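There are 2 protein chains.
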Amino acid sequence: VTTFAEALAALQPVDREAAASAAEHHTRLTKPRGSLGRIEDLGVRLAAIAGTSPPPLPAPAAVAVFAGDHGVHARGVSPWPQEVTAQMVANFAGGGAAINVLARAAGASVTVVDVGVAADLPPGLGVVDRKVRRGTADLAAAPAMTPAECERALDAGAAVAADLVATGARCLVTGDMGIANTTPSAALIAALTGRPVAEVTGRGTGVDDTTLALKVGVLEAALHRHGEGREPLDVLASLGGLEHAALVGFIVGGAAAGLPVVIDGVIAASALLVAARLSPDVADRCIAGHRSVEPGAAAVLADLGLAAVLDLDLRLGEGTGAVLALPLIESAALVLAEMATFDGAGVTVKEG
Amino acid sequence: VTTFAEALAALQPVDREAAASAAEHHTRLTKPRGSLGRIEDLGVRLAAIAGTSPPPLPAPAAVAVFAGDHGVHARGVSPWPQEVTAQMVANFAGGGAAINVLARAAGASVTVVDVGVAADLPPGLGVVDRKVRRGTADLAAAPAMTPAECERALDAGAAVAADLVATGARCLVTGDMGIANTTPSAALIAALTGRPVAEVTGRGTGVDDTTLALKVGVLEAALHRHGEGREPLDVLASLGGLEHAALVGFIVGGAAAGLPVVIDGVIAASALLVAARLSPDVADRCIAGHRSVEPGAAAVLADLGLAAVLDLDLRLGEGTGAVLALPLIESAALVLAEMATFDGAGVTVKEG
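Protein chains in written order, with this note's numbering: chain A, 1 to 352; chain B, 1 to 352.
In case anyone wonders, no lab produced these hints; they're calculated from the structure.
Keep in mind that the hints are not guaranteed to be accurate.
Intra- or inter-copy, both count: the list cannot distinguish identical chains.
Said to hold, decoys possible - The list that follows gives simulated cross-link-like pairs (lysine to aspartate or glutamate, EDC-like), each with its CA atoms no further than 20 angstroms apart: (1) 350 <-> 208; (2) 350 <-> 129; (3) 350 <-> 83; (4) 350 <-> 163; (5) 350 <-> 284; (6) 350 <-> 199; (7) 350 <-> 24; (8) 350 <-> 311.
Because the structure is a prediction, the values reported are computed rather than measured.
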C-alpha cells in the first residue's frame, strides 16, 4: 500500500506536449474552432493528465466518501445533530443517499470510508474502517488532531486511492460526510489563503443569520488560537477534519497515479488547497466538478485558477456535484477520440 | 401523422399540482432542503411537464437535427461555404460529428432531417427527406419562404416529433445544421423581442469584426424590409429558415405529447420564441440545455424566464449543448424517484 508521503513524492507535472497535441487535434475535428468551448478545454486537460492524446476515457469513475465528526460541533455551528453523520453513513451503505443515486446514474462506484465518525458503526455495513479517532477535538480550543493522527488519515486516503486504482478505476471523485464540516473547511481556507474568515464562511447545509455569526466567531477564535505562518500539514492537523486529511491523501494518491481527480464542494476544495500548498503538480491534475454555493469553494477555485464544470447552486456535498460533472468530463474525452476530421469526412474548412 | 396545427391546439398547461408534490417530496429526502439547487428545480419542472411526481425518467432521448440552407448566405454573413451544410449532413449520417459522439455518450438517438438543404443529398444516407425547397430566399431582399412552405416545414417538424414519440422517445432534443443560420435566428429574435439587431447578433461559428458588421447591416435591412407588428408565423416565414420552422413544429409537437423538449442554442431558442408567441404553454414544457455564447440565445432565455442547465461557452449547435445536459436532467428525475426519505432511512431532521 502506498503511503501519503510516497504518493506526494511520486507526483509529476502534467504533460504539456500531450496537451498541445490535443489542442491541435481539436482544430482538425469537424466543428468550428473552439466551438465546444469548455468541453475542449476539458479534453486538453485530460490529455495533459493522462500524458497522451486522445486521452483515455476517464471511466469507470470511483467515488470515495470519507466520513468524520468534528469537536467544534459542540459550539453550535450546525443545526444538525452529530448523530446524523453515522446515520448518513448507514444511508450511503443502504444506497439511498443522493450520492448513491447520482453515482449509479453516472456509472460510478461509491466506497464509504470511516476515518473519524464519533460512533461505533454497526458491523456488516460494508463501510471501510479506517477510523483514526472518534471525531476531532474542538478546533477553536485546541489542535483538531495530533500530527500522528493527521498522518494516519492522510495515509488512509492515499491507500483508498491506490486500492480503487488497483481495482480498475480510471477517474477518482472526492466525497465527504461530516456534520459541521464546512467549519474546518473555512478554517483551512482562511488560514491558507489569508482571506478574512467572514469572506470564506458560508451557511453550509443552511444555517440562519445567528448561527452564521456564531460560526464566524468560532472560526476567528480558531484562527487566533492557531496563529500564523505554519506549514500546510500543521495547518491541516490544527484546523482540519479527519475527512479533510483523508481527502488530501486521496487527491494526492489519485494524482500520483495519473488519474484525473474530480473535486466536489468546499470540503474537497479545502483539502485540494492543502495538497496544492504541498506540491505545484496537484491542481493541474484535478477537475473542479462544480462551483458550490459556499464562498470558500469559490475562493479556492480562484486561488488555484480552476474553472468549475457546473454551476447549479449545489451545497449538498457527499461528492454529488463532482459526480454530476462526470458525463461532461467523459464526453470531453470522447470528442477527441471519436469525432471525424475535416479531411476524413470530406468537409470543407472555412475560408480565410 | 399529427399536423403542426393539431399539435398547437393540443397543448396543455403544465401540472402545478404535480410540481407542488415534487417540491414537497424534495423536503422529505435525506439532504438539507434545497441543497441540490437547480437539480431540484429541474425535478420539479419534469414533474410539472409529465403531470406526475416523481416524474418518469426522461429517457431514452431522441435528437432531431433539422438541416437547411439560407439565401442570405450569398451576402457573405458566414466564412463557411454553403456546401458545408450538405457535407455535414453526410458527416451526421456517418456518425462522425460532435452530435453523434455526444448523443452516443448520452444514450440518445440522432435523426437527421433534410428540410431545405440546397443540394441533392446522395441516396442511402439514412436522412429523412422532408425537403421543402432548396434553401430559403435572401431574407434581406424578400420573404425567406412562402406561408405554404413555412407550413410544410412546421408540419415536417411536428411529424418527426410524433414519429419519435411513437417509437419510444421520452425526451426530445432540438438539433440543427445550416451554414449562416445564426443570421435568421437573430432576425427572428430581434423581430419578436423588439431588441436592437446589434444586441442579439453574435459571431456564429466565428466571424471577424468586418463580417459581424456586415451581418448586422444585412439584418437591419431585413428587419426594415419586413416591417413591424406581424403575427409570429408571418415573422417566421419572412425572416426564418426552413430548419427554424421545422424546429417550431418539433418543439410544439414534443410539448403537446407531454415530453420535455431540451433546447440547444440560438437557432432552437429563436424557434422556441416563435412557439412561445403562439402559445403560453410551450416554454414551461421546455428545458434550456445550455447558455450559448450567442447573445440572441441569452435574450430568449431572459425573455421567457428560462434558466440554462449548462454554461460552457458552447457555440457549435447541432444539438450538442442540449445533449450534454441530458445526464443532469435524467439525474434530476432519479433523485425524486430513488432517494431515501428521512423517515425511511432513520435519519434525524435538523433542529429548528
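Hints violated by the structure (listed by number, smallest first) | 2, 4, 5, 6, 8
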